[in-house]
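Start from the sequences and build out the full structure, keeping to the hints where you can.
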Amino acid sequence: MEKFLLKYFNLIRAAIAILIGIIISVCIIYIISKEPGFSLKSLFLGPLLSKSRFGNFIETASPIIFCGLAIAIPFQAGQFNIGAEGALFIGAVAGTAFGVSTNMPAFLHIPLVLLVAGLTGAFWGSIPGFLKAKWNTSELVISLMLNYVAYFIGLYLINFHFRDKAAGYLVSYKLPETAWLVQFIPGTRIHIGVIISLGFAVLIYYFLYHTTLGYEIRISGFNINFARFGGINVFKVILISQMIGGFIAAIGGMTEVMGVHRRFNWQLSPGYGWDGVVVAIIGRNNPLLIILSSLFLAYLRVGGRILNLLSDIPSEMITVIQSIIILLITAEAFLAQWKYKITVREAKAKEVSSEPYT
Amino acid sequence: MENILSLKNIVKIYQNGVIANKDVSIDIEKHTIHAIVGENGAGKSTLMKIIFGEEVPQEGEIYYKGKKVNIKNSLDAIKMGIGMVHQQLMLAPDLTVAENLILGIEPLRYGVFLDLKKIIELTEEASKKFGFKVPLNKKISNLSIGIRQRVEILKVLMRNAELIILDEPTSILTPQETEVLFKSLKDLKNHGKTIIFISHKLKEVKLIADKVTVMRDGRAISTNDVNRLDEHMIAHMMVGRKINFKRIPGVKKVGCPLFTVKNLNYLSEENIFVLKNINFEVRAGEILGVAGVEGNGQTELVEVLTGLREATSGKIFIGKENISGFSPRKIREEMVAHIPEDRMKNGVAEHATIEENIIVDRYHKAHFSNKSMFLDWKYISKSSNDLIEKFKILTPSSKAALLSLSGGNIQKVVVARELSSNPQVIIAAQPTRGIDVSSEELIHNLLKDARDNGIATFLVSADLDEVLKLSTRIIVIYNGEIVARFDDIKNITQQDLSPYMLGIKKKGD
Ligand SMILES: Nc1ncnc2c1ncn2[C@@H]1O[C@H](COP(=O)(O)OP(=O)(O)OP(=O)(O)O)[C@@H](O)[C@H]1O
Ligand SMILES: [Mg+2]
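Residue numbers (my numbering), protein chains in the order written: chain A, 1 to 358; chain B, 1 to 509.
One should not assume that every hint holds.
In silico EDC-like cross-links for lysine to aspartate or glutamate, where the CA-CA straight-line distance does not exceed 16 Å [to be verified]:
| # | chain 1 | residue 1 | chain 2 | residue 2 |
| --- | --- | --- | --- | --- |
| 1 | B | 330 | B | 310 |
| 2 | A | 341 | B | 55 |
| 3 | B | 22 | A | 164 |
| 4 | A | 348 | B | 281 |
| 5 | A | 341 | B | 59 |
| 6 | A | 348 | B | 23 |
| 7 | B | 507 | B | 496 |
| 8 | B | 320 | B | 281 |
| 9 | A | 174 | A | 164 |
I should point out that these hints are in silico values taken from the structure, not numbers from a laboratory.
In structure tokens form, the structure reads like this:
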């Protein structure tokens, strides 16, 4: 039993944290809602109650997974690049621009559009990367500022060059069908991009833990002096880790455009890049755990949206509830003491059985 | 005599299940210097951290001045009058030496503002009183590890603690500095202080301690009056066998120069010559030892030689190839191994596993990875476990975090990696720092084997015994200059080197 607890400690910890979060949310909802039963149901079960909502949940997870990965790679390299939001936005704009201006068969069009988006994102990630590697400027500050630059450049491009005047609001032309990602479950908008995101997570996991470049990235993140001492080209690592991050974030944005809306329709920055930071932290920068944490966050987001739509709870309160849950599972020390106690008992048992005191 | 501290049946189990202290009981008498010795990983530092409130034991009792106490954190310990110098130095890297010294006991003006003048005054006074010269206005991060050790010691001495714990304070001090420290420690003892002193240098234990406790595998197996034992007996108790302290036999065959340095200069950022016109060559099959007091340019010299720092002028050759300006990777490709003086800063990534630390110079090579792209973890584990066995690194697994090793075992990981990298030139700075006598013997033998196999070794060590024991030839460095060269060292002793190290004498080339 105790062995089991130790082995799955992190999962159990997350489960308990979520449980406590739920209890707190229940209390809050009971206090402020006139119809608490219905509100609770919307928040916690809402995403499961209809096929289309479930579809919503899965489809929301996809760009969050991408952005979580996009943040995790530079984080593992010790680079606090939080530019996923900007890379996603500018990459999706570039991909859309390329998509609406070209014509070719789908088997070429889809990968090329994704590639254009990805390379644009990679370029975007390379800016703070290069500045850091060359002049040791703060990638945190630069990537943050670049998010705004991306947003305004993107809007400008869509508005003045690719705007579909026939539509009543600010959106791009529709992508030709050859650049669509198929929605393969009828009654939902779950699209191929979801599968691509899962594929990326597995790929990135393999990349980080089983390839030499992944090793270089992680070692540089642990101790950059040591990496340099060992002969790792840290200039390359700093630059490449942020480029890969930008690449993945942009793919995430582009698949969303290609699979859900089929045209660029963000007038506001969608915020997936920030969710990416959250899921990367909750998932300890581990790509496989990021899948789980992204599903969790997407569920919470969709539940919140339903709650916002159907109940009397103000959206600010919903954000508070979400934040409490997130806070609880991010807390590193939470329950660590408990785990330690079990370890101590186990070690003593072993000591007594194997090596009697002399 | 009265005990200032009594430990009774202490048991300490770490988060990963390692039992570091198994039922340890020790009495520390007032007004004594009490040495604790034992192999790497025996549990010495753990026990000290318990006394200083940094680790909490699972079982056992602590009595301080006759009263049972519960030390929950270091603040408690400090309040009780306990001070500690840590094995892994703990200074704030971005503060100056003076600021570090005064941390926590800052003199204030109007109760809020730091009194900068007073700080300098106080620290200067302390530095004079205890005989430790330290650059008060320099940032810690710019200082060599030896100087940082001096700062750390001074910091504790200044605090006027009643019980002072020194966890390997001399691991990187030169004999002259050790002498100064020991004089201070004796003074303190005469003024009624009590000192717990950990060292792997049994000579020092013999010289300064009144009592010595031997720890083995987590247990305190004996406590004796020091004057009833000699070095060999203590070593025997520690490891259960005899240890050889003699100089290694002379060189068989010296080849042509493998590692040559010509007219090397290095100017610091403040435009001061840190290295002045350095010239030397190391031939195949010999060990060139560098003697010198810490902070006379050794750190910079080694960093320049290994590509971590760029020389201002001068040339460095491996064989006939000029490698000045090469990156660390390219220098390693010339088969140069580097044991760095500051293992925590350059030598390891403490949050990575042991394996990941071992492969840093070879992960891209055949067997360790496929086509330099895909790591072969099976092979990596196998080769790491071979090294763990060969170097007797104490750990439950090659996948354990490096952080969970004892200080000496971390050093062994670094040495194991570098000596197994198949080098033709070895640049070793403080190679046996913090390593116990039996592993030191092992490493010394490996360096000797390397020498006999035609490798050129450049050895920098604060430990003059080590320099004298291993070297074929010796150069002495003072103030960034080579001030003496000894080509035949058979009859050379510490006393012969000392005046040059202290800058009292200088020999023309
Ligand atoms: N933070 C930690 N987590 C887990 N295990 C640890 C930790 N620190 C030390 N240990 C283990 O506890 C044992 C005792 O370590 P300790 O540092 O007390 O040894 P030591 O006698 O000081 O050795 P050294 O001479 O090498 O400094 C070792 O087996 C070590 O691996
Ligand atoms: Mg220790």
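Residue 330/B and residue 310/B: Cα distance at most 16 Å?
-> Holds, because 14 Å separates the two Cα atoms, which is no more than 16 Å.
For the pair supplied as a hint, residue 507/B and residue 496/B, is the alpha-carbon distance within the 16 Å limit?
-> holds (12 Å)
Is the Cα-Cα distance between residue 341/A and residue 59/B 16 Å or less?
-> Judged against 16 Å, a Cα distance of about 13 Å means the pair holds.
For the pair we were handed, residue 348/A and residue 281/B, check the Cα-Cα distance against 16 Å.
-> Roughly 56 Å between the alpha carbons, so the hint for residue 348/A and residue 281/B is violated.
When you check the alpha-carbon spacing of residue 348/A and residue 23/B, does it fall within 16 Å?
-> holds (12 Å)
Is the hinted pair residue 22/B and residue 164/A satisfied, with a Cα-Cα distance of at most 16 Å?
-> violated (76 Å)
Sort out whether residue 164/A lies within 16 Å of residue 174/A, counting only the CA atoms.
-> holds (8 Å)
Does residue 55/B lie within 16 Å of residue 341/A when you go C-alpha to C-alpha?
-> holds (14 Å)
Taking 16 Å as the top limit, are the C-alpha atoms of residue 320/B and residue 281/B close enough?
-> Measuring from Cα to Cα gives roughly 12 Å; hence the hint holds.
Checked against the numbered hints given earlier, the structure breaks hints 3 and 4 and satisfies all the rest.
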